[in-house]
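Please take these sequences and the hints and turn them into a complete structure.
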Amino acid sequence: MELALSPEDAAFRDDVRAFIKDNYPAEMRVPNPETDLSKEQMLLWHRILHEKGWIAPLWPKEHGGPGWSITRRFIFERETTRAGTMPPLAFSVTMVGPVIYTFGNETQRQKFLPRILSGEDWWCQGYSEPGSGSDLATVRTKAVRDGDHYIVNGHKTWTTLAQHADWIFCLVRTDPAAKPQSGISFLLIDMKSPGVTVRPIITIDGSHEVNDVFLENVRVPVENLIGEENKGWTYAKFLLGNERTSMAGIGRSTRYIEKLKKIVKAELPEDDPAHLEFIRDIARVELDVLALEATELRVVGQLARGIDPGPAASLFKIRGTEIFQDITELIHRAIGNYGLAIREHPASANRFMPGPDYGHTASEKYLNSRKLSIYGGSNEIQRNIIAKAVLGL
Amino acid sequence: MDIQFTEEQELLRSSVQRLLRDQYDFDARRKIVASEEGFSRKQWESFAELGLLAAPISEEAGGLGGGLLSTMIIMQEFGRHLVVEPFVETVMLAGGLLERAGSEEQKQCFIPDIIAGKTIWALAWTEKASRFDLANVATIARRDGQDYILTGEKTAVIAAPWADYLIVSARTSGQRRDRGGVSLFVVDRRAAGIELRSFKTIDGRRAAEINLRDVKGELLGKGGEGVTALEACRDRAIGALCAEAVGGMAELNAATLEYSKTRKQFGVTIGSFQVLQHRMVDMFIAHQEALSLMQHLNLSLSNDEAGVSRLASGAKSKIGYAGKFIADQAVQLHGGMGMTDELNVGHYFKRISSINIQFGDPAFHVLRYAQLDAAA
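Chains as they are written, first to last, in our numbering: chain A, 15 to 407; chain B, 953 to 1328.
These are calculated hints, taken from the structure and not from any lab test.
Please note that a few of the clues may not be correct.
To be verified - To be clear about the criterion: a stretch of chain A counts as covered by chain B if any three or more of its residues have a C-beta under 8 Å from a C-beta of chain B, and this derived list gives those stretches:
#1 192-202
#2 292-302
#3 305-311
#4 394-403
Claimed, not checked - Straight line, CA to CA, 27 Å or less: simulated DSS-like cross-link-like pairs of lysine-lysine:
#5 A:LYS402 - B:LYS1080
#6 A:LYS156 - A:LYS193
#7 B:LYS1059 - B:LYS1152
#8 A:LYS402 - B:LYS1213
#9 B:LYS1152 - A:LYS402
#10 B:LYS994 - B:LYS1080
Beta carbons: idealized from backbone N, C-alpha and C, even for Gly.
Here's what the structure looks like:
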């Protein structure tokens, strides 16, 4: 599906395409960038985009954004995902950045924003706790005022890529007596502070993406509080809203369907009855992507005319993740017996990976993408949001 | 990027809405369906007066030149009101074929009467063994001077009992499943040798089994190229039927949501149960996706884009499954009331079920979508 673009926007699209082709680092083209690259390698593309001024499409110009229209932001998103480039770290650029320029003070903006844009600071998200998943407002990590500092004690979990992080933005309880949503503050904590410990969590795909983060008597300067004390829930919700809108993942799904078709072609002779079943399943998931893409285009068109879809955007998170899970499952099924094997990772420690190259990441992708319907507000929570805010139930 | 409707198109939508709101509520429809003919000549006249029967037909042929976006708008509203009059059969199928394949003489002879609402048409392509295959034609047409003589059987031809004319596919050469060798013919429905056995369809329409024995027919379009013409005709019809289905889905979702907010069990409204809330969210999403894909299809059809036939199959399948899901759940959430003839919900269920059969079911079209990809 192609967009009807003005000549200027079409030229912009061609620029983006050419820029990716000429500049995307070859060493980032690995089977599974999220788990196969070192921190330094992950930051290569970030730095190139920063130099070009394209690192933060969402940000207003005065804070270092490129000042693009909604259409151009969409074109950029579409071209980069189609080309399969690794997106810049979302926790820095998409999440904490907008919170800082929207709710932070001038000192905080000047201190943190340039370092987010340049990639000098790597951020992670201190939201979930062992007892607070979907019910995030029950966070128990405590911050107690002590002169010019808060003393923070608690346990954050599912913290993605905390092993690389320089900073963590945390939801902490500053008023234990208030109602759950009213006693929360939004605090920025230096990961090098004494009392911060990171412990890896290995997931079912064998990879190390997420962590436990323990905070024991960590002293955090009061100047690292965002906005007002006890108003953190407002900032947290704002941030989650940003997270959800870019989750349709059309480009990624489209790339994986192409991969799936190649594998089915190579693995299954046409006279195999299973071939027909795959053909049908592929067509159905392809149509799922097409319908979601058409919906995305409809919403982008509306946005460009000033109509905000609001909470209905949760449907992109729901369908985008369900569809990608279906695709990774089909790929895993398509490689047949080799679906038993899993690549080298901390947990499997496989030195030898059997079967054709195209199947080497199928198992881990299939396993890893089970997370998609859980994180960023589980799909059940997203359905609650639509039920309440769109359907009025 | 999305469809930004023109002022004219918005005007068309609001005038169709007004007409149907004033004259075509559920009780009015019930009386129409129960009448002897099963459709309303009076309604048909008001459609003609409003210009709906001329909407998609080109200005050269005497129409309003609104193209397929105008029929998309009309069909969405028809879907909301469960309109039973043979608009698709007469205007989209017959009108479309006459306009694209007909000779100048045929166009002048037939199209003005369609626009004026004076004639009703039906398209007879299905046969006992054909299922959804346009090329599977056993009816034979043999040359007889200027005319052709048709013999064979056609099945489940919607609107045939009302029709003044039929467009019939028949084989002029080749074997039964050959793509080539099928031609289209205009047949006077009252011609000698035609025998009709009429029946009612599940969605309140009238259809017929047709027996043709040495019936005179007039060639429409190039001989032997009927399947190609029918395929393009089916694509357009799919665009219209998908729009109709999406209109019906919107009504079902609205009715179900409303019901869930008023119906009480265990002392609370059933809409307060999370399992039903999530079901209705999935119905909402299914409708949103179907609406987007339906608009995308009709835009592509009106721009005559490459690969649009594959897209039509894809949309017919995806929207068919979505419609089935919404209709199933609307009946389920209405409980026993959903089963009653009295409530409109079951009638939307039946219309969506019929749409899912017409011109191929979702399973047929998903495979066609896949196979056209492999062929590309």
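Structure-based check of all given hints:
1. 192-202: Since three or more residues must qualify, the claim that chain B covers the segment 192-202 of chain A is violated, with 0 doing so at under 8 Å.
2. 292-302: holds (count 8)
3. 305-311: holds (count 5)
4. 394-403: As far as the segment 394-403 of chain A goes, the hint holds, because 5 residues have Cβ atoms under 8 Å from chain B.
5. A:LYS402 - B:LYS1080: Answer violated: A:LYS402 to B:LYS1080 is near 50 Å, above 27 Å.
6. A:LYS156 - A:LYS193: Judged against 27 Å, a Cα distance of about 15 Å means the pair holds.
7. B:LYS1059 - B:LYS1152: Distance ~31 Å between B:LYS1059 and B:LYS1152 Cα, so the pair is violated.
8. A:LYS402 - B:LYS1213: Judged against 27 Å, a Cα distance of about 12 Å means the pair holds.
9. B:LYS1152 - A:LYS402: Violated, because 42 Å separates the two Cα atoms, which is more than 27 Å.
10. B:LYS994 - B:LYS1080: Roughly 34 Å separates the two Cα atoms, so the pair is violated.
Of the numbered hints stated above, those contradicted by the structure are hints 1, 5, 7, 9, 10, listed in ascending order.
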